[in-house]
Amino acid sequence: MIDAAQLRTAQDTVRIATDGTSPMSAFRESVESMIPALRRYARALARDTDIADDLVQDTLVRALRSEKLFIGGDLRSWLYTILTNLNRNRRRSLARKPVFTELFDNNPDASGTEAEGRDISRALAALVEEQRSVLLLVMLEGLSYREVADIQGVPIGTVMSRLARARAHVKAYLDGERPALRAVK
Amino acid sequence: MTGPNIPVTEDELHAFVDNELPAERRADVEAWLTTHPDDAERVASWRAMAELLHARYDAIADEAVPQRLEIERLVQQPRRWIYGAVAATLVAFIAGGSAGWVARGAATSPSIFRSFTVDALGAHRTYVVEVRHPVEVAANERAHLQQWLSKRVGYEIKAPELDAAGLKLVGGRLLPGPEAPAAFFMYESPSGERYTLYTSRAAKADATQMRYAAQDKDGAMFWADKGVGYVVSGPTDKDRLNQVARQIYDQTEKVGG
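Chains as they are written, first to last, in my numbering: chain A, 1 to 185; chain B, 1001 to 1257.
Simulated from the structure, these hints should not be mistaken for laboratory data.
Owing to the predicted nature of the structure, the values given are computational and were not obtained by experimental measurement.
Treat the hints loosely; a few may be bogus.
If we take Cβ atoms under 7 Å as the criterion, some of the chain B residues that face chain A in the derived model are [as the list claims (entries may be wrong)]: (1) Ser1045; (2) Arg1047; (3) Tyr1057; (4) Leu1069.
Derived list of chain B stretches under chain A, where covered just means 3 residues or more per stretch with a C-beta under 8 Å from a C-beta of chain A [said to hold, decoys possible]: (5) 1007-1021; (6) 1058-1064; (7) 1111-1119.
Note that beta-carbon positions come from the ideal geometry of N, C-alpha and C, so glycine has one too.
Working from the sequences, and respecting the hints, build out all of it.
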């Protein structure tokens, strides 16, 4: 589940950072190594390319600004936490503003798996925020239930019930039971 | 509390798929699945779901990281604005006008898509409900309208012909735009449906894909080409809006900025 090697690398470099051997660059390198995964998570979470990269950019800026406050621990979870919170705030502030979506039929991301990708992204879009976030953190980003519970600030039991509901809804959607999604709220 | 005879719960099925199950219980679940086809089917569907997610999104992690996300750049130029492009645009103007904004460079520009679409949808909603004064210059002065607007927006603009889509030009007006003045044309169908085209200079916009935004009963299609942004707004019928937008795109292609 957790990419142990990656985690260890992040923690090791952070330890170097706090030792003061190479303070700035080691921390920054750890953050930098997470950018591809953060972009993937953000895109799946927010759908829109620009919004997703805005989220990643804000996450990075915030992390870099807090460089001196970060005294070790799980850098990876911390970055996912910042991004998840920023997205929640964004959704709250945009609640009354236009809803932006990519126009699927000329989306450059559409690859060979276009038909499948279309369905899975639409299925994700129909989920409530917390469920989508749990599903993506566990299934796409490979975080443990414990880590996701910390990221969302809820007990593990809540993570598990959100995950179960998210999977049930996505499965129903992929199986073609579109009306079932109406019940998601 | 494990054992071959203790029924497997749904939580355990999830934990099994996610490798969160204690090692000693895994064999029990595996045995359970051979005799419970419904559960086995669910487990298989969750695994297939994970594969779909990876098939759809892993490519993004493999992309080259965009310049604006480079650490060096972010360290030098922290993003200062409040989250959200509308707020960002306001802050930019408060901070000393759009010129100062542009000078900060592309790495910190708000989304052109967003600023254009919000402005265009605002104009659309304001003017399509007008009965007596929907436009400043009516369609019977088409040549004058085009000449006047071209001069003000700074590139040659012709009101597109949308007869093929069943739309007749009502007229147009000049509006403030995100970076420069904007030209605004209104079209009407025999049944009274109104569509508008909003176009203005967008210095940093090269060619973009068409994108769709919706707000309440209105939809908007945005694209940019050769430093000019375009937004077509109308009722939220996406296919119809797309059709109208394509026709406009085909006619503006050669004009450009």
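Here is how each hint holds up against the structure:
Interface restraint check: B:Ser1045 against chain A, minimum CB-CB distance 5 Å, threshold 7 Å, status holds. The beta carbon of B:Arg1047 is not positioned within 7 Å of any beta carbon in chain A (closest approach about 10 Å), and the interface hint is therefore violated. Among the interface hints, the one on B:Tyr1057 holds; its C-beta lies about 5 Å from the nearest C-beta in chain A, closer than the 7 Å criterion. At a threshold of 7 Å, the smallest CB-CB gap from B:Leu1069 to chain A is about 6 Å, leaving the interface hint in force.
Only residues whose C-beta sits within less than 8 Å of a C-beta in chain A count toward coverage, and the stretch 1007-1021 of chain B has 7 of them, enough to reach three; the restraint holds. Here's how the stretch 1058-1064 of chain B fares: 6 of its residues keep a CB closer than 8 Å to some CB of chain A, so the rule of at least three is met and the hint holds. Counting residues of the stretch 1111-1119 of chain B whose beta-carbon sits less than 8 Å from any beta-carbon of chain A gives 5, enough to reach three: the coverage restraint holds.
The structure fails hint 2 only (numbered hints given earlier).
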